[in-house]
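So the sequences go chain by chain: L and P.
The opening position of the first sequence corresponds to residue 1 in our numbering, with each subsequent residue numbered one higher.
The opening position of the second sequence corresponds to residue 1001 in our numbering, with each subsequent residue numbered one higher.
Calculated from the structure, these hints are not laboratory results.
One thing to keep in mind: the hints can contain errors.
[Claimed, not checked] Derived lysine to any residue pairs resembling SDA-like cross-links, with alpha carbons at most 20 Å apart:
no.	chain 1	residue 1	chain 2	residue 2
1	L	LYS51	P	TYR1134
2	P	LYS1137	L	ALA369
3	P	LYS1084	L	ASN113
4	P	LYS1283	P	THR1090
5	L	LYS182	L	LEU170
6	P	LYS1137	P	SER1093
7	P	LYS1074	P	TYR1275
8	P	LYS1268	P	GLU1295
9	P	LYS1267	L	GLU98
10	P	LYS1137	P	SER1164
11	L	LYS178	P	THR1090
12	P	LYS1202	P	LYS1228
13	P	LYS1267	L	ALA369
14	P	LYS1166	L	GLU39
15	L	LYS51	P	SER1290
16	L	LYS51	P	LYS1228
17	P	LYS1240	L	MET33
18	L	LYS353	L	LEU387
19	L	LYS145	L	ASN113
20	L	LYS337	L	ALA369
21	P	LYS1083	L	MET33
22	L	LYS308	L	ALA360
23	L	LYS51	P	ILE1142
24	P	LYS1084	L	VAL208
25	L	LYS178	P	ASN1086
26	P	LYS1083	L	ASP50
Computed from a predicted model, the values in this text were never measured in an experiment.
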Amino acid sequence: MRKIFASALLALLVILPLSAGTFDQTMTMVRIMEQSDLEYKTELLDNAFDKSDRIAGAYASEQLKTTMNGKYSSQSDEAVDAFKKVLVELLGETNSLEDAELIFTIFKGSDNNQLIRTSAEALGKIGAVQYSDSIIELLEDSNSKQYFLITQGYENVLRENEQTAWSCVLALESLHIKSGYKPLFNTRMSEYSKESGVQDRAAKAMAVIVRNPTSILKDISDREHSSKGRTLILDLSRNSNALEVQKVDLAAYIFSETIVNDYEFGDYMLNACAAIEKSPYKVRGTEAALKKILYGSYSPDFTDLAIKAATHCQNGVNVLSDYLREQNNYTKEGATKYENHKVVLMVINSLGKSGDANAADQLIVAKDAGWPPEIKQAADTALNNLLSK
Amino acid sequence: MAKRLAWLLLAACLILTACNTTSTQKKETVPQSATTVKEQPKKDKGKAKAKEQEKDEEKEQEQQSAETGIKFTKIHVPLTETKKENGHMTSRSVYTYGQDKLNPERVETYDVHNELIELVVIEKIEVRTERKSYLDKDNNIIRYYVITRNENGKIEEQLLFNGSNKLIAIEEYDYDEAGRTAEWRIYNGSETLLSYNVYTYKNGRNTRVDSYSANGILAQYFINEYDKNGNLTCESAYDKDDNLLAQHRSTFRNGLIYREEFQGEDKKLQWYINYTYSEQYLKVLKTTYSGDGRELEQVEQSCLLFDR
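In isolation and in its complexed conformation, chain P is listed as follows (with noise of 0.2 Å):
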């Protein structure tokens, strides 16, 4: 136990000399280039492909929504998981929540025995800072993340280091005046800029977004759909040449999840997920199945309900 805690104080002031120096080191590292491109205007690429696509997708939300006239306004806060593979049971996750009830604190994940496999662990180290640790079952540290938030509560900065405390990757979130994120930077372990997307949004919703590679150029572009009640009912990913790389299409029914699917660059459909909800809501079964129909995983969720 005091060897332990004796690691975990190491580990920490290992974290705290990480924070200062990378978020000093850093800011010479972003070139310029990412605040000129951020000021260029945006591409019309795959724009006509959007439109085309919008009518289908509108089409088929008015076929699915068979809306009952009750809109599902309630957030589900897991409290236990269920994990079943191959029709048997293989982990149970428990969530324990800290005092706002919605982020979880702490994640336990047995076994099938009941033994524990895995836990994630939150913890404060810093009044605007939190640390996401991700233990094995002999409780050694297998990666974790040292994430910082901004005075509105979101992520400022993440650093991901491995279970040796080697920094492995930063993130840098930008945000816009009206607390939508603007821009997100990643680089890597020797805080080099590896890419940047930029989010461009129309009547509130973000329906861009630009990823640019490290010298400014646009690497990639995503097109965001959203059906009548503002659900993100589509996600496309295209090349910098219109070429369509996955897609992930969701749909909602009363203000609920009710299928996502995944398709790859050859628009064959890889995996999709059914959900399904108890009468009271409080039960989320979620099976996701291959793209042949092959039964992959479900996850059955129990959940507290709050008011969004």
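Excised from the complex, chain L in its bound form (with noise of 0.2 Å):
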């Protein structure tokens, strides 16, 4: 409603009703607030006016600094937190870094778990970096705390601490700062529950604050060569819009290297074979990863795209060349496995595909080979396809 400088911003911009008000109103708002009881300022503050106005925001400001100076001490402490914590807000959306050192008072003192919350993801916003070392105490705390709720079973308590932690996720987000990695990958790796959102919310954070993805990725992969390792570097894989080459390219080389029968992960898996998809170098890795997929029993999707993948480069090609030519003399010999069917062919259309004019002696042998009518008729079209090119 009140949005700033609408008055001048109109003969610029015409978005209303988004930015109806002028000037006189939001200042005449104000001088309603300031005599207005504390329920009906809070309300105000917390609907009337749009998170980045900065006259409400300087008005936030002088009034954080009267409430802490007891302005308000004779009203109920509900009452004084629910106007504190819509002060605080409004101060982390408008950027008021003269108010850190007041936000932080709160985020130190008070006992009010939602106040603390709003205050780190203020301080966060404001980008008041000199206290993440209490934000990053704070969610290292939720993280060891998180295991022992769990086995404890305090559900309350419980969504209490995942709502921090994710408080201070955000904020270490919002302060792009290196030394939020460490915390944030613990988060990643602690027992938050899927509906609350932390640990994922954890890997975003780590995407975006990463500044260094090839040395970051070398230190998960010392650090971790668990199954957990692989997901987190996975996580920054996909949420990095493989656009840092680097990152991607060793996020495949990390997963062709250490691929191992874990289903769990088949979302990660498929972000990876896009990621090995997308690698300049066609990584080195690919080609024993792509000998453990044929050979695995994932799913027919991942399979699939692995297998489209490795057509991107000459030796993902060969593999393909060698499993053909492989599972061919297994058929001349009748002991072709029916389950190795749908790879194969799989195979013979990636490699109809492929362009590689050696990719034809198996496609021949293929075609006259002991397969079953489709594998054969799949066998004809791709070496068509193939001499077309």
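Hints are included, so try docking the two chains, each in its own frame, into the full complex.
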């Protein structure tokens, strides 16, 4: 309602009714707030102003000072805390660095969890890096508490703890500091519920603050050779939008080096395959990874994606040709397993699109080997595709 | 989905009920003094100060308006808006427009991970009534306005509700025969008048606004100044004793805004905004600084241009 400078902006931007409200109306609203009781002040500040309204922000700044000096000490704690929460939110949105100290006082001194969380987020938005250690401490504390709370079954406290962790993660993400990386890493590895979204957000926050992805990924790789480490690497790879070549490359490499039968990571595997496909070096590890995929029992979707990705590099095509040669030989001996037929079909289709003339040899063999009709037909089509290129 | 639809229907019913009750009850609560005061001659307080400032302002305008002879006559209509704080992108908003191409029907704001964090939806609920709702990332309504317009499309009444459907404030507008704002009244959620502002025009421009408390006593007044091209260049707020409370100044060149400044009662610069435009004026970069020059935020808008 009260977007600041709306009157001047109206000459420039016609975005009514989003920015209805003028300078005189905003100033009048401030006067009304000054004359209102605490509850109505809170209501108006919370609802009647755009969160980035700097006139409301200036008023909030002044009010926070007087509130901290005990202006509303005769009011109930709940009412004062609700007011402080709205003030802190506004100051966070308006980037009021000069109020960081007061907000930090609330963060450290309040026994109201909601107010602590709001203060943490506001400190992050303001960019108050000087207080990052305390936010990190609170996050690490939440991380350690989480396991204990799960085992003890304190449902309400558990949710509170997750909300606190969430706010700290948002704060560290806003602060963009390298020292935030380790606690976020630990958060990603902690036992937060899926619904809370804390782990996922921590991974995303890491992707935002990571300035040198290669070194961080190597660091993860050195520290975590477990499936958790791979999960995290692939999180980063996925969240990076695959724009940072090194990150994708390294994620793909580490993935291909470490791929095992982790069915629960199917989603990450798909992302890793996409990463392999985008890699400009066509990754050293592709060969090894592809062999594992071809001979493993992964989901058809995943296998199909990996095979399609393989055709983008010569090593991958060679692996596919070798696989088909081997399977052709088994078939001639009558030893092919029925389960392999689907994979063979995928390989034949991909070789047909690969444009590699060397693949033609094994397609010709496949046409005449003892395969079921649909595979022979596919080999014939693939061969025609290949020769037409 | 079904649950949400049911909830929205319930909310719509509540709003309609609220509209009916407020429009009947409110008229009774407007004190006679509001209309009586409207007819009183406007006080001349602050005129001397305004004149002094006018001179300075004109001088400044002449210096700053390096007119190229081309006056910008288009309207910027934003399509996307990217916000950066502390050098990092924090959010991106996407505007969707209705048939008139000027008024957005929907504004979606996404965070740095491209996840929706806020949604503003404007929807018609009656012929001249619309609802503007602010929703959070989980689609919960945080607050909403029910806006009623007159036959000329101008806001007649605006009701503000919080997320729990509690009426927080009511605004009413009156217009003169030329369709200009004549009076603005604000009530609390119990429909008690809190304040009203009366607008005065000179040479077709709003030069003064008097703000009265509910009992008809002048509480504040505002002086508006314009450059020779009719751009609003300075808005000053004074208390009833002529003390300056705040000032908002704007600089225009060729019809485009280039700078805004805000000063508090201590006359200290509190923040300022610089505007830059791309060559074709399709991009507007708005950078806000604190009074001591610290960059607070940067907003880049990609716009379409329409004739005024």
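Consistency of the hints with the structure:
1. L:LYS51 with P:TYR1134: 12 Å, holds
2. P:LYS1137 with L:ALA369: Violated: P:LYS1137 and L:ALA369 sit about 58 Å apart, past 20 Å.
3. P:LYS1084 with L:ASN113: Violated, at about 29 Å.
4. P:LYS1283 with P:THR1090: Status holds; Cα separation ~18 Å.
5. L:LYS182 with L:LEU170: OK: L:LYS182 and L:LEU170 at ~15 Å, within 20 Å.
6. P:LYS1137 with P:SER1093: 13 Å, holds
7. P:LYS1074 with P:TYR1275: Holds - the C-alpha atoms of P:TYR1275 and P:LYS1074 are around 16 Å apart, at most 20 Å.
8. P:LYS1268 with P:GLU1295: 17 Å, holds
9. P:LYS1267 with L:GLU98: 18 Å, holds
10. P:LYS1137 with P:SER1164: 17 Å, holds
11. L:LYS178 with P:THR1090: Cα-Cα ~18 Å, so holds.
12. P:LYS1202 with P:LYS1228: 14 Å, holds
13. P:LYS1267 with L:ALA369: Judged against 20 Å, a Cα distance of about 91 Å means the pair is violated.
14. P:LYS1166 with L:GLU39: 13 Å, holds
15. L:LYS51 with P:SER1290: Given pair L:LYS51, P:SER1290 holds - Cα atoms ~17 Å apart, limit 20 Å.
16. L:LYS51 with P:LYS1228: 34 Å, violated
17. P:LYS1240 with L:MET33: Satisfied, since the Cα-Cα distance of roughly 17 Å is no more than 20 Å.
18. L:LYS353 with L:LEU387: 10 Å, holds
19. L:LYS145 with L:ASN113: 15 Å, holds
20. L:LYS337 with L:ALA369: Cα-Cα ~14 Å, so holds.
21. P:LYS1083 with L:MET33: Violated, at about 29 Å.
22. L:LYS308 with L:ALA360: 17 Å, holds
23. L:LYS51 with P:ILE1142: Between L:LYS51 and P:ILE1142 the Cα gap is close to 12 Å, so the pair holds against 20 Å.
24. P:LYS1084 with L:VAL208: Given pair P:LYS1084, L:VAL208 holds - Cα atoms ~14 Å apart, limit 20 Å.
25. L:LYS178 with P:ASN1086: The hint holds at about 15 Å.
26. P:LYS1083 with L:ASP50: Distance of about 15 Å is within 20 Å: holds.
When each numbered hint is compared with the structure, violations occur for hints 2, 3, 13, 16 and 21.
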